[in-house]
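Chemist: Using the sequences and the hints given, assemble the complete structure.
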Amino acid sequence: DIQMTQSPPSLSASVGDSVTITCQASQDISNYLNWYQQKPGKAPKLLIYRASNLETGVPSRFSGSGSGTDFTFTINSLQPEDIATYYCQQYDNLAMCSFGQGTKLEIK
Amino acid sequence: QAQLVQSGGGEVQPGRSLRLSCAASGYSFTNHGMHWVRQAPGKGLEWVAVIWSHETDKYYADSVKGRFTISRDSSRNTVYLQMNSLRVEDTALYYCAKDIRSGSMDVWGQGTTVTVSS
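Going down the list, the protein sequences come from chains A and B. Heads up, the first sequence is in our numbering, so the first residue is 1 and it goes up one at a time. Heads up, the second sequence is in our numbering, so the first residue is 1 and it goes up one at a time.
Any given hint could turn out to be false.
Claimed, not checked - Here are some chain A residues pointing at chain B (derived, C-beta under 8 Å):
(1) A43
(2) F62
(3) Y87
(4) M96
Unchecked claim - Taking CB as the label site, the calculated pair distances span:
(5) B:V5 x A:T72: 29 to 37 Å
(6) B:G26 x A:Q27: 32 to 40 Å
(7) A:Q27 x B:R101: 18 to 26 Å
(8) B:S25 x A:Q101: 43 to 51 Å
(9) A:S14 x B:S85: 42 to 50 Å
(10) B:Q13 x A:S12: 37 to 45 Å
(11) B:G66 x A:P9: 26 to 34 Å
(12) B:R16 x A:P59: 19 to 27 Å
(13) A:Q101 x B:R101: 20 to 28 Å
(14) A:S10 x B:E11: 30 to 38 Å
(15) B:S17 x A:T56: 37 to 45 Å
(16) B:T69 x A:S60: 35 to 43 Å
In case anyone wonders, no lab produced these hints; they're calculated from the structure. Treat the numbers as computed from the prediction; the structure is a model and nothing was measured. We put the beta carbon where it would ideally sit given N, CA and C, even for glycine.
Modeler: Written out as structure tokens, the structure is:
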């Protein structure tokens, strides 16, 4: 099974800052990597699919990059409503999925 | 718009069974795979299972393989998760989710709680 290592586990930043979260796969997953946002008490929301594609309706301050085993998720110009936990998720060639451990983002 | 409404869940003793349901509406149910994802209290997301358009094409996380069965009924636009031999560690909020493209999940149910306790 493919393991996803996400870091950091938590992050504190100020409004207007740029923040970056990384995700590393235990083996090559090409670009089958998605990013989700989960706010407390809510279901996850898809933000980025196939590593770098912005889901419809998601603000352009969110972006993703990477391929193979190393991936990056960035929020530019952090907004108060971005307080959430963010997860990476991979899909492998055996049609299995797994999530990273999550990154809890707080506003300073 | 696409919507998933979940039912089932509750509190059961270890070793017992439970079935979760997820009714889909607002899109072509037969054209999309469906996932189950769970979240233990205070923990992260854990992928549980997926069933693709071909109802025989299904995959499971190792933690539930042999105990859980995912199925779908296209006449009812509903996906199910039959959970047998439940363990305390299966306690979680369970979500169903629609697959939009190769493992990305764009529509989620509201979640349903499963508590396994003696």
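Chemist: Go through the numbered hints given earlier and state which of them the structure violates, listing their numbers in rising order.
Modeler: 2, 8 and 12
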